[in-house]
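Undergrad: With the sequences and hints as input, model every part of the structure.
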Amino acid sequence: MARQKPIELFMPPNMLKAKVGGGTGGGLDMAAIKRAETAMESLKGEFAGWAAQDVQKLEAARGRFAKTPDADARAALLRAAHDMKGQAATFDYPLIARTAGSLSKMIHDTTKPIPLGLVDAHVSAIHVIYRDKVMDASNKVALVLIEELEAQVAAFLAA
Amino acid sequence: MSGYRFDKLKILVVDDNPHMRKLVVTILQAFGVIQIFEAADGERAWTVLRETNPDIVIADWMMEGMSGLELAQQIRSHPQTPNPFVPIIMLTGHTHIDQVRQARDAGINEFLAKPVSVKAVMTRLTSVIENPRPYVRTKVYFGPCRRRRAGDYQGPERRAETAKQAAE
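Chains as they are written, first to last, in the numbering used here: chain A, 102 to 260; chain B, 23 to 190.
By construction, these hints were calculated from the structure, which means they are not laboratory data. Worth double-checking, as some hints may not be accurate.
[What the hints assert, rightly or not] Chain A stretches covered by chain B per the calculated footprint, using a threshold of three residues with CB under 8 Å from any CB of chain B:
id : segment
1  : 134-145
2  : 190-203
3  : 215-226
4  : 234-248
Here a beta-carbon is modelled for each residue, glycine too, at the ideal position from N, C-alpha and C.
TA: Structural data, given as structure tokens:
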């Protein structure tokens with residue numbers, strides 16, 4: 102096919118490689134990975150406090166949204182849920198991550214007004230999972246609850 | 023073993039969540055990176071970027087104010103950018119294909135999906151060091167080539183046409 106518009110394609114010099122050198126065969130630096138995993142382990146003592154702060158942040162965002170459900174409050178609630186989705190698995194709360202994922206999907210995937218009742222159901226579920234320290238991704242009671250929330254979100258988005 | 027001199031790198035970490043920033047910074051420090059700059063939002067990141075001219079930017083997508091995507095676009099196209107070629111690794115919980123395309127179109131080099139793992143961080147760093155992508159300049163885009171392969175592309179600008187059709 103004939104060229105229709107000017108396209109400039111070029112390879113800048115690899116200054117990064119020149120700076121850091123190394124790279125025998127492009128393999129990963131396993132010693133550095135080991136050091137970092139050890140450092141991550143040492144952070145785990147702080148994870149409980151971090152998770153508590155994230156739950157509080159989500160509850161505060163829910164409170165703001167309940168009081169004034171405007172675009173800013175909705176965006177803040179989405180950010181809180183999205184952060185939690187991204188971090189809870191790291192903090193060993195995979196079911197909080199899944200619940201927060203369902204909440205952020207409900208807010209993100211539509212421009213419709215979101216039902217406060219369904220927001221509250223997600224926030225309450227997260228609160229209970231955190232309060233009861235449910236870290237097992239196969240916890241049956243929690244799974245039933247989360248599957249119900251996901252089904253409700255799917256029905257809301259489809260309506 | 024890669025044998026990289028990570029101690030020579032300057033990395034900017036941008037995330038409005040202090041816990042996620044600490045997590046990423048801890049991993050980078052364990053890799054041996056010494057010069058790590060932090061910013062809690064896109065506006066602050068732009069200031070720090072211009073002051074420090076980092077070698078790599080790791081930025082969260084979803085932030086209040088200037089998002090990671092907007093920051094990436096600014097880094098690539100703003101007249102006062104210190105380095106339009108700086109590799110940008112997008113830290114995100116978004117994994118839907120449309121969102122991946124959106125980030126690619128903003129000029130990001132690599133994705134780092136949450137939850138963050140040590141190996142994923144190392145893999146993305148290694149990728150931007152070892153496998154830099156060619157850059158493309160068109161009327162509507164400047165940034166890393168959105169195809170993985172270099173080549174003398176002579177075809178139409180399909181993305182521009184698609185964007186134009188969508189706008190119409």
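Undergrad: If a hint holds in the structure, say so; if it does not, say that too.
TA: A quick look at each hint next to the structure:
1. For the segment 134-145 of chain A, the stated coverage by chain B holds: 8 residues have a C-beta nearer than 8 Å to a C-beta of that chain, and at least 3 were required.
2. Coverage of a stretch by a chain is defined here by at least three residues with a beta carbon nearer than 8 Å to that chain's beta carbons; for the segment 190-203 of chain A and chain B the count is 4, and the condition holds.
3. Check on the segment 215-226 of chain A: 0 of its residues sit with their Cβ under 8 Å from a Cβ of chain B, so the three-residue criterion for coverage is violated.
4. Chain B is given as covering the segment 234-248 of chain A, and this is violated because 0 residues of the stretch bring a CB closer than 8 Å to a CB of that chain, at least three being needed.
When the structure is compared with the earlier hints, violations turn up for hints 3, 4 and for no others.
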